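*Asks:* Next come the chains, spelled out residue by residue.
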Amino acid sequence: MTDLESKLTAEIANLLDDKKVDVFIAFKKAESPLHPQPAFFTESNQLGDFVYNSLCQNNLAAFIPRYPLSARIGMVVRGCENRAVNHLVVEKQHARENIFMIGVPCEGLVDWHKLVNRFGEEMIAVDEAKDEIMISYRDRQIRAPRQELLHDSCLRCVHPNPLSADVTIGELKPEGDPTLARTEVAAFSALDNAARHAWFRKEAERCIRCYACREACPMCYCTECFVDHGVPRWTESTVSPAGMRAWHIVRAFHQAGRCVSCGACERACPMDIKMTYLTEKLNEDMRTKYQFECGMDDKTQPPFAAFNLDDKNRFEL
Amino acid sequence: MSQILPKKNLKQLLSNWAASYEIYAPQQLEKFAHFMPTNGSELLYIDEQHNTRFPPKALFLPQSETLMKYTRFGAAQETIPESKPRIVFGIRPCDAKAVDLLNLMFLTEKDSDPYYQARRKKTALIGIGCNIPCPSCFCTTVESGPFGRQGMDALLTDLEDIYLVRTLTQTGKTLFAEYPEATEAQEAEAKAVQQRSLKLIDPAFETKGLKAKLDSNFENALWQKFADSCLGCGICTFLCPTCFCFDIADEAQRKERVRNWDTCMFRTYSLEASQHNPRPTRRERTRQRVMHKFSYWLDHVNKIGCTGCGRCVRYCPVGLDIRAMLREFNQLEAEVANG
Ligand code: SF4
Ligand code: SF4
Ligand code: SF4
Ligand code: SF4
Ligand code: SF4
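In the order they appear, the protein sequences are chains A and B.
Letter by letter, the first sequence follows residues 1 to 317 in the working numbering.
Letter by letter, the second sequence follows residues 1001 to 1339 in the working numbering.
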């Protein structure tokens, strides 16, 4: 157990023992070395399995909309998860006073795709030190620089620190470099239409419509997604190019002003499909055209959801 | 008795076959292995130890398949595929066995699915064994193994510069007819590789009595516990080589009736027109997946509906591991029995 893990365990145990929360959402050890499992602790004696490391790839805020508003939920949050919680509060998916956030300034998540694509599926354990990842096989161990294995969303993260956690454990990190964050969007935007379309098609058209990206996203909590809607049907049901493109473009648009750049969608994808370039483009538009960044507080409606009878602005998209 | 295929001859062999067969073999898609058509000129991705991400069942039961076309006022026309003879090259033992299991669903004596049949009947499976199994593989637990032969026409063992080819059917014999016999030393080397691999796989869980334990714990609270972490996505079932559920839809704009893979993990899976859903929450859906493979399959065809390929273990985004789930059920009943 790392130092951080012991501190977190102690903090969570207190919350549970003092009955300050009904459930504490965190991660526990799973057999697969790459995927710690979201866990729902209700008693402090269950915390033996607790883990917190950079392979904890899910955005746990995605589990919040499953609970009734009255449930008192505790969570360990990184920067993006804190912003996701904030935005879920804006969208009235939970009451802020019923969420207790233990914040952890984030070092970035290790991307399992990068691990597997580089080191193969035969890894039996993955451990980490500050700047290094240690990969164990049955008969040998390899080390690799952590930086090379971070998920792309983490590499370009601007706000790694929890913004409004109830307690924060660990030293705050410097804010990320916003220009770095915009390089992929800039690269995509710089392309002509045909090249952008080719980029989009290359990613979207190997989709298997498993909807793991949707299920992993804290903002995709609709009980009926547009793709599942029967009458009328909004998209083709098949894995045809038209069906897959419709899914990818509409999913991205439904995130306009609602995406917290956590990358959980991309990390869940079994086909290594890039999709944050689309949501980051929308985030960029939100920043530059509307001076809005999702999840920075738990009150401000995103521009496309806000409605004001006295609105004097021209309609613009 | 086996034959020898030098690796350097593989391209030539595939291009010879390509004259009369459509060939599918693992190639690199992005960074992972994926079955794609080849005529021998593409670089294959079979020396890597990993299996393909996407299961080869899709070559027999495509994720979306047009069943018929229709016109506005005219008659419908079935679109049964007319494929050339096909070779699926480089299929792993778990996946070949899975195709064999799918036969039990789609190719029964009295009721065959013509679409599946058209593809399956014309396809030879040339398998390759796994020298270094992944820790997520558990084929040996479910009556297969890293060099299992079920469903194959020939099985290759990778011996560095050569493949040792064990032909298993007449088709297999014909395909490799021109290759020389293996020496005794080569046979022995292959055997050693196979045995080494076998030893690397630990039993994952006890299958004896498992069905009874699952059946008697249908309402157990464990199902809710597992479902709590589950996202309800399509990964574990779409990537599973034995899952075969589908849904039929009309794509009216194309005037086609299609069938698409469906999965019990989706909330729309058993949703009825009345909006009633007999599996209303992730609890019932998680239970369905596990029960189907380890209980209902046994009821129907007396086989476990899992070949231990490990995909659901490797790619579940929340680390829900079917092996761990089943062990908990095994454990549970033991406790009841003891107490
Ligand atoms: S769209 Fe992706 S990056 Fe944005 S909030 Fe959802 S999961 Fe996170
Ligand atoms: S997770 Fe990947 S494959 Fe699945 S629906 Fe999303 S983009 Fe498609
Ligand atoms: S249940 Fe999992 S391990 Fe078994 S065949 Fe399906 S994907 Fe493979
Ligand atoms: S019911 Fe579920 S587990 Fe069974 S074949 Fe269908 S999708 Fe797979
Ligand atoms: S892959 Fe994992 S999260 Fe997705 S449905 Fe299967 S068990 Fe649930």
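To be clear, the hints were calculated from the coordinates, so they are not data collected in a lab.
None of these values were measured; they are calculated from a predicted model.
Watch out, some of these pointers could steer you wrong.
Claimed, not checked - Just a few of them, taken from the derived set where beta-carbon distance is under 7 Å, the chain A residues facing chain B:
hint	residue
1	His35
2	Thr42
3	Ala125
4	Glu128
5	Ala212
6	Asp228
7	Pro232
All C-beta atoms, glycine included, are put in the ideal place defined by N, C-alpha and C.
*Asks:* Which numbered conditions among the earlier hints are violated in the structure presented, ordered from lowest to highest?
*Replies:* 2, 3, 4 and 7
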